[in-house]
Each structure stands twice: as structure tokens, then as C-alpha cells.
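Asks: Could you fit the two chains together into a complex? Lean on the hints.
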Amino acid sequence: MSEVSPATAGQDVAARHSVTPVRTLPRWLRRVLAFLLVLALLALAWEGLKWLAGDPWRPESNPFGISHTPPFRAKIASDLNLPHLWDVVEAFGQPSRRNGPPLSAVLLEAALFTFREAIAGFLLGGLLGFLLGTLFAHVTLLERGCMPYVVASQTVPILAIAPMVVIWLKAGWISVAVIAAYLTFFPVAINTLRGLRSPDPMALELMHSYAASRSEILWKLRVPAALPYIFTALKISATASVVGAIIGELPSGIRGGLGGAILNFNSFYISGPQRLWAAIIASAAVGIAFYLLVTVAERLVLRSRPLAVEEGV
Amino acid sequence: MTVQAPIVSFAGVNKIFNPGSAKETVALRDINLAIEAGSFVSVIGPSGCGKSTLLRLVGDLIQPTAGEVQVKGKPARQARLNQDYGIVFQAPVLFEWRSILKNIQLPMELRGTTPAERDKRARELLGLVELTGFERHYPWQLSGGMQQRASIARALAIQPELLLMDEPFGALDEMTRERMNMELHNIWRQTGTTVLFVTHSIPEAVFLSTRILVMSARPGEIMHVVEVNLPVPRGEHTRAEAAYFEVEREVREWLRRAQGYSS
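From first to last, the protein sequence lines stand for chains A and B.
Counting from 57, one number per residue, gives the positions in the first sequence under my numbering.
Counting from 3, one number per residue, gives the positions in the second sequence under my numbering.
No lab work stands behind these hints: they were computed from the structure.
Note that this is a predicted model, so its numbers are computed, not measured.
The C-beta atom is built at its ideal place from N, Cα and C for all residues, glycine as well.
Worth double-checking, as some hints may not be accurate.
[Said to hold, decoys possible] Some chain A residues flagged as far from chain B (calculated, every beta-carbon gap over 12 Å):
1. T80
2. A96
3. L98
4. W113
5. I223
[Stated by the list, open to error] Pairs of lysine-lysine residues, derived as DSSO-like cross-links and limited to a Cα-Cα distance of at most 30 Å, are as follows:
6. K122/B - K276/A
7. K291/A - K276/A
8. K276/A - K76/B
9. K276/A - K104/B
10. K74/B - K104/B
11. K74/B - K276/A
12. K74/B - K122/B
13. K104/B - K122/B
Isolated chain B, as found in the complex (with noise of 0.2 Å):
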């Protein structure tokens, strides 16, 4: 292993929503953690387990009650300000006014890149995601499946280091997502961003990952660290390894656990 500073860290960090109030919950507790930086990290548990919550503590959407989370080592706060990540939700969110080119151009816009970049840049996204010739069309044109492929784009227009994504899968049909989890893993290839993926399938996290943290039921705590060692590309044939099997037996193993931890 290199040594080589995280690209996410988390140090001591603790997520008390409503604190002092009668509705005070505890939603992680002492995270610690460290995200190497071309790294393809799951994070899976229960739900209502703080998957989420993790993740929006990295974009800076929340802040931590205590403790400190750094990306790229700056305060996360200053990581955002920078546009230092992109970010896919569960669902779309395209703006409707906005055909697929524009809403793909929507963070370059804000980030003052020229018109003609745009443009260029955003028809190259196009293609790594196979939406070639739906430029002009409106984001309610296209299917779920398509729509997410225009989001993740989206998040890759300003060729971002750090990609985070909450579940972006989980409102597809399991034929639409294994494609999705193989073109994603193809732009990881391809563009070498480090991944931070929030999930609560098991064979998308084992399939995607080089690490998988799994999670304990509220309060939120990193249980186990399971690393992935499948070879890189992967592709049909990797599931049907052993080892993948493996893995996926440690990991549901481990969810059982987690699942059991606090009830």
C-alpha cells in the first residue's frame, strides 16, 4: 500500500439531529475513517442506519455534531465551496425546464466554464454514459434508467475527484441496475474517481467495491470493514466467482450481525 493522504477522512465524528430535544436521535457515533483516493467504497447497513447521513456529512450538506470530516484534506465545508465532489441522489433530480445537454452543463454553468467548454464537455459525458442523441430531449422523455445515467454525467462534469452517490440505483428493475453497475463501474475505470456509494444491495456493493463498510442499526457505527479484492475489469464472469461469493457471504454475515447489534 502507498502511502498517500485519504481523500475522505473522518475523525471522532458524531450526528445528533434534534439534539436536546425530545426527539434527539443519534444518528452516527465515533466514525472514523479513511477514503484512499481512486477507491470504490460501499457503504451498506440496515436502513435508518445512517448511510445517508454519512454520506451528506461529506458533501457538506449537514454538519457533524462533533468531530471533523475532511475532503481532499480541507474542511468539508471548503471542499464543497470548491464543487471538489459531484453527487447522484436516489432519484434524478433533472430540472424539467432543461434538456438532457443543459442539465448535464448546469454545475459547469454555475462554475463559470465557457459556453463552447460546455457544450464540448458535455457531449463527450453523453457518450461515456450511451446517451448519444438525446440531447434535445427533456428529461421526462427518457426512461428512470436513462434519466440516472443523465444525472451521473451530470455529476462527472466537472471531472470531479470524489463522486458521491446515495442509493442511485435503488428505484430501478434489477435488469436496468446489474447494466447500471456495470457502466459504473466502466466510468470508474475510465475516469478514475474515487467512489464513496451508498447502498443496501448486497451483490451491487460486493460487484462495485474494493471496500465495503457495513454499518451498524442506529446509533450509526462502522462495523466491519470488508475488503474487495476481485480483479479490475470486472464484468458478467465475476459473478459467478467464488470468491465473489465469498465475499457476498462474509458481507451478508456481517449484516446479519449489524441488524441483530442493537435490537
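Bound-form chain A, shown alone (with noise of 0.2 Å):
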């Protein structure tokens, strides 16, 4: 302690008091403020190119009622490529279609819908890459003679395979799961595998010691051991998951899906170019809900593990 001198513990003294008072919020809190700090500035850039290069801005079409001729044109910025966020916002509120529902209860269903299907597609690669995983790490020889087939799955397109499930399955909802399954068991296997050989060499002569057998090892080493990878996987799965299904809602003719709704919106951009934004900006929501259910189960599963506190959301 006598080696810090007096200056650097000033210095110290006072970044503690500048920093103590963010330090106290609640961590989840904090997590909050950043992320709507870091939409506000996403807002504020999108607006700024507007206000740069998108169309003049008409006084009565703002909520602001500024009246406003950008300096610079660029085609990327206009209204009907770039709609005003205000625009986007207020299609929530608005009917789809004449006399129809407002496009919140459209979306929110079709949310729902998909949500849905991405589950079950989720639930049936999580499952399916959980045991290709476990085989894998069992027999080498399946590994080796596997897995170059399993890696070459995941370099054809969704977009190619859909279909054929479709023609396979026949269009419905267990398609779709099928199409959502094929994005979501490759992490799950990959990391499966790499987590049940984590142990330490060490604690499997431990296991040895004990005479335990193959499916004890498994069950109180191995898939413990491999939880944080799988649970690494998962994350990564619950949104692609969401992918999937909605490309899978595509080829199989699904119209009541977020699918459906990005098919629908598309179509009719010219009319209104703020429905395909507000229908990609459902559909992100729901894969940020499914992370983050996936990651409540992976806080509460791994809540006594070392690392568990630190792991960001």
C-alpha cells in the first residue's frame, strides 16, 4: 500500500465515486438502459439519413410537424425503401386490410403461430442433435463416417430443401417443424459432442475408480459437464428455429404465420412499404423472445456454476 502515491489514490478515490452510483443499479436494469440506448441511436441514425438524403419531409406526416427538404438525395433513404419510424409505428395500430383487424392483433397472432411452429421445430432438432451428439461421442467410428454428412446438411440451402419437405410431408405445421429442425440440430449436435468430451481426464478415471457404468458416466459426468455447450447451442437454436419456420410457412402455403404475413406484406410493398417493416420487426421479436427463454432456462439450470453469474444475456 505505501507504494501508491498519493496522486494515483486520489485519482482512485475519485473514479470510485464517479462509478459507484452506475455500479448499484441492478444489473438487469443496466442491461435495459444499454439496450435502449443502443435502439435510440439505431433510431436516430435511421432518421438522420432521412433527414440527409430521404424525401422532404411534410409538416402534417410527422408527429413533429417539421417541414423539412434534405440537402442530398439517395434512393436508399426515400420513403418507399426507408419508411419514417413514426410510419412503421403507426401501421401497428392500423387495419391491414379495409375493415380489418389492426395489423398489432394481425402480427401478434401470426407471432404466435409461427412461435408455435418454431418450438416444436426447435424441440425436434434440440432432441435430434442431442442424440446424434451422444451417439457421436459414444461410437468414433459413426462420428468419422458421419459427420462430414451431417456438416454437408448444413451447406444446402433451407431455401432448396423446404420444398422437397413439403412434398415429402405434405403442407402443415409439421413440415415446417421438420424445415425448422434442419437449421436447429447442427449446433446442438456439434456442441453435444464437444461438451460430453469436456471432462477432465482426470474425473473419468475417477468415474473408472468407481466402476461406473457407461450410462452413469453419461448421466452424472458427461451431459452435465456438456450443459453449458448445450445451452450455447439452444441459444443459437431458438433463432433459427424462427428462420426456419418462416421459410418453411413459404413453400407449404402456410398463410397464417409471420411467413405468411412477410409473403403478404411483400407483395403489396408499393402500398405500404411500413407493414413489411413492422412484420420483420414481429418477426425479430420473436426470436429475441425465444433467446430469451432459452437463456432463463439456461440461468436457472446453471445457476450454480462458476461462470453462470458473469455470461451476458
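Replies: This is the structure in C-alpha cells:
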């Protein structure tokens, strides 16, 4: 302590004083604040671009009553390509078709529909991935033989696979779930394999010294050790399953989900670009919600682990 | 000396790693050995001399290339299947997802002991290794020395007649190590367990053992056996006794020879 000069000690105190108020905010609140800050910055950049190079701002069509002629013109910032954020927000409250329910209700229903398909695909893919990973971890020959095909399966675009699945399984939520599962099993399989192989050789010797059976080693050592790896994969799979479900709806001709909504609003883009943007926001919200759900599950399951507290959302 | 079947015996044991390949290594050569029940036997030798290999052979974690290892009069494999020994490694190897209490219960779980019995026994053991109050803690919340104590408790959970210890205190600082030596000595006295103890610390070996096996550098052979006749119980006073220094000097002398043996 004597080596610390008074000058640095003073800085230290000053630093602590300025930092303490922020540090004492609850962790979740800091997260929310950071999220809102980034959201505000994004919105600012969006509208800033429109201010610089968008279509002229008419006072009756913006909430601030501003009249403004941007100094430059860029196609990307036109009202058709990049609608004003307030127009997108407003679109949620307006009916998407004449005398219909407001867009928010339509999108909420579509989002729940797609969410259900995504969950089915997530569970199916997660289970398949776990089984494959476990099988590969125990039978090296199988891993050597099958892994190239598993990897190859992921290089085939989902857009090519999706119509095929619909032809095999008939259009319906089952084929959508299978398409979503196609995107989700891979990360789970890879990370399960990695996680099951993660235990220290000494831990395996220890189990060996107890004459533990293969299944005891699996359930009491390998699987618990693999859980952090598996949860990382599940977080990737959660968002991927939403993408898979949306894409799966397209060739299936399912109209009730977000895929149908996107397709629909895409074909009427000229008459209302903000509706497609609203659908994009809804899709992102479903993905984020699913991701958060898995994160909460991870927190619960891994709550006693040393690093669980430190990792971010 | 009473005539008694040894708890561990080696008969003409050789261990060759990667036999027939370019990386062939003769780890142990012609090991003949008998360990009496209730004794505390340390194995000491230059690094890479096969000390740990010897221990792993007893535990049937590896198998001899030639010869036979017996534990309690049975082949080592059978003894392992019967959970006849407890083992402590250099690292504590506690499972991070289990509380200290649950970690200690692991071997009993695998043996099918009832939950009530497991709980009772694990709490007794925590008392024995002076970790009472840490039942619900997780391994990462404990210091290195405390973790190693928990791992000793786990090894004792099934009340083994044989305890295998592979440099258990090698990663601890000198002060903690001396305290752990004292505790291990007391545990050995209280439980009457036979201990086979691998170490590279001369003071540790002398303080704890009734016999010390000095091994030569690779290929590992038992060069010399030092009988340690220091009175039991031992304590701080032991380290100041003339006999203690005499044994220490003898072990050091043989270790020096062991090092020069092959070079």
C-alpha cells in the first residue's frame, strides 16, 4: 500500500465516486438501459439518414410538424425504401386491410402461430442434435463416418430443402417444424459432442475407479459437463428455429404465420412499405423472445456454476 | 511381524507404453511388491520414474504388460469392480455442478447406498476432514486445500480398506501442505486404512509413512525400501526428532543414487 502515491490514490477515490452510482444499479436495469440506448442510437441513425438524403419531410405527416428538405437525395433513404419510423409504429395500429383488425393484432396472431412451429422445430432439432452428439461421442467410427454428411447437410440452402420436405410430408405445421429442426439440430449436435468430451481425463478415471457404467458416466459426468455447451447451442437454435419456421411457411402455403404475413406485405410493398417493416420487427421480436426464454432456462439450470453469473444475456 | 496376506501385491510386473512402436517406453520393470494392511507406504522417485503408473496399476486404471497385480487377494480389475479402494488425484476433480456434500456422496450413489445413509455418512466425513459448514458450498467457492480435503472425504466415503493417493498435496503451498499432512496422518490413524501415497516430497514421505519405496529413473524399478520406525502418533514434534532426520537423510541419499542410476 505504501507504494501507492497520493496522486494515484486520489484518482482512485475520484474514479470510485464517479463509478459507484452506475455500479449500484441492478444488473438487469443496466442491461435494459444499454439496450434502450442502442435502440435510440439506431433510430437516430435511421432518421438522420432520412434527414440528410430522404424524401422531403411534410409537416402533416410527421409527429413534430417539421417541414424539411434534405440536402441530398439517396434512393436507399426514400420513403419507399426506408419509411419513417413513426410511419412503421403507426402501421401497427392501423388495419392491414379494409375493415380488418389492426395490424398489431394480425401480427401478434401470426407471431404466436410461427412461435408454436418454431418451438416444435426447436424441440425436434434439439432432441435430434442431442441424440446425434451423444451417439458420436460414444462411437468414434460413427462420428468419422457420419460427420461429413451432417456438415454437408448444412451447406445445402434451406430454401432448396424446404419445398422437398413439403412434398414428402404434405403442407402443414409438421413440415414447417421439420424444416425448422433442420436448421437447429446442427449446432446442438456439434456442441453436445464437444461438451460430452469436455470432462477432465482425471474425472473419467475417477468414475472408472468407481466401476461406473457407461450410462452412469454419461448422466453423472458427461451430460452435466456438457450443459453449458448445449445451452450455447440452444441459444443459436432458438433464433434459427424462428428463421426456419418462417422460411418453412413459404413453400407450405401457410398463410397464418409470419412467413405468410411477410409474403403478403411484400407483394403490397408499394402501397404500404411500413407494413413489411412492421412484420420484420415482429419476426425479430419472436426470435428475441425465444432467445430470452432459453437464456432464462440456462440461468436456472446452471445457477450454481462458477461462470453462470458472469455471462451476459 | 504377523503373517498376513498383503493388501496389495505385485508379481513380476512390467509396464511398457506403446509397445512395438517408435514411442515405446518402458515405464516399470520387474516390480515385486507386497503392501501390508494398515501400513502407509509412500512411493518416491525422480519425475517420470513411473510412480503414478504404479498407482494406476493398483487402481486398474491401466493394465500391466506382464506380471500380475493383486488387491485384497483378487486381480486388480475385480477389486476395482468391487470398489475396494478410494483414490485421490493431484487435482481435487470435484464436479462443479455438485455441492460439496453431493460430491462426497458420488461414490455412494454409484454403489446404491440409500439417500439417508449417504447423507449421514457424508456429514461424518465432512467432520473428519474439518469441512463442516461447507455442505452446501460449491467447489469453486472453496480454497485449493479445502477442495483437496473434500476429495479425500469422497475417497473415504465407501470406507475403503485401501486409499490410493497420487501427489495429492503437490499443488498446495508449503504451509497448507504441512497441515494437510498432519490431518492425513490423523485420518490414517482413525480409519486404519492402508494408504499408497505417491509424492516427490521427502519430508512429506518421511512424516507420513511406515515404509518408503525409492524408485529409480526410467525404467522404473524399486531401488530401495526404507522402513520408517518413527513412533505413532506423529505431530509437530516428530519433525524435530533425530530419527526423523536420520530417515530423511537415508531417503535423500537413495534418491540421489536413483537419479544417477540411469544417467
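Asks: With the threshold set at 30 Å, check whether the alpha-carbon distance from K276/A to K104/B stays at or below it.
Replies: 11 Å, holds
Asks: Is the nearest CB of chain B more than 12 Å from the CB of L98/A?
Replies: 39 Å, holds
Asks: Should the label of T80/A as a non-interface residue stand, given a Cβ cut-off of 12 Å to chain B?
Replies: 24 Å, holds
Asks: Against the 30 Å threshold, does the CA-CA distance of K74/B and K104/B hold or violate the hint?
Replies: Distance ~29 Å between K74/B and K104/B Cα, so the pair holds.
Asks: Regarding the pair K74/B and K122/B, is the alpha-carbon distance no greater than 30 Å?
Replies: 27 Å, holds
Asks: Between K104/B and K122/B, is the straight-line Cα distance small enough, at 30 Å or below?
Replies: Holds - the C-alpha atoms of K122/B and K104/B are around 12 Å apart, at most 30 Å.
Asks: Assess, step by step, whether the Cα of K276/A is no farther than 30 Å from the Cα of K76/B, and give holds or violated.
Replies: Status holds; Cα separation ~28 Å.
Asks: When you look at the beta carbon of A96/A, is every beta carbon of chain B farther off than 12 Å?
Replies: About 39 Å separates A96/A from the closest Cβ of chain B, which puts it past 12 Å; holds.
Asks: Checking the smallest CB distance to chain B, is I223/A really beyond 12 Å?
Replies: 45 Å, holds
Asks: Is the straight-line distance between the alpha-carbon of K74/B and that of K276/A 30 Å or less?
Replies: With a Cα-Cα distance of about 29 Å, the restraint between K74/B and K276/A holds, given a limit of 30 Å.
Asks: Does K122/B pair with K276/A here, judged by a C-alpha cut-off of 30 Å?
Replies: Cα-Cα ~21 Å, so holds.
Asks: So if I understand the rule, the pair passes when the alpha-carbon distance is 30 Å or less; does K291/A with K276/A pass?
Replies: Distance ~24 Å between K291/A and K276/A Cα, so the pair holds.
The structure shown violates none of the earlier numbered hints.
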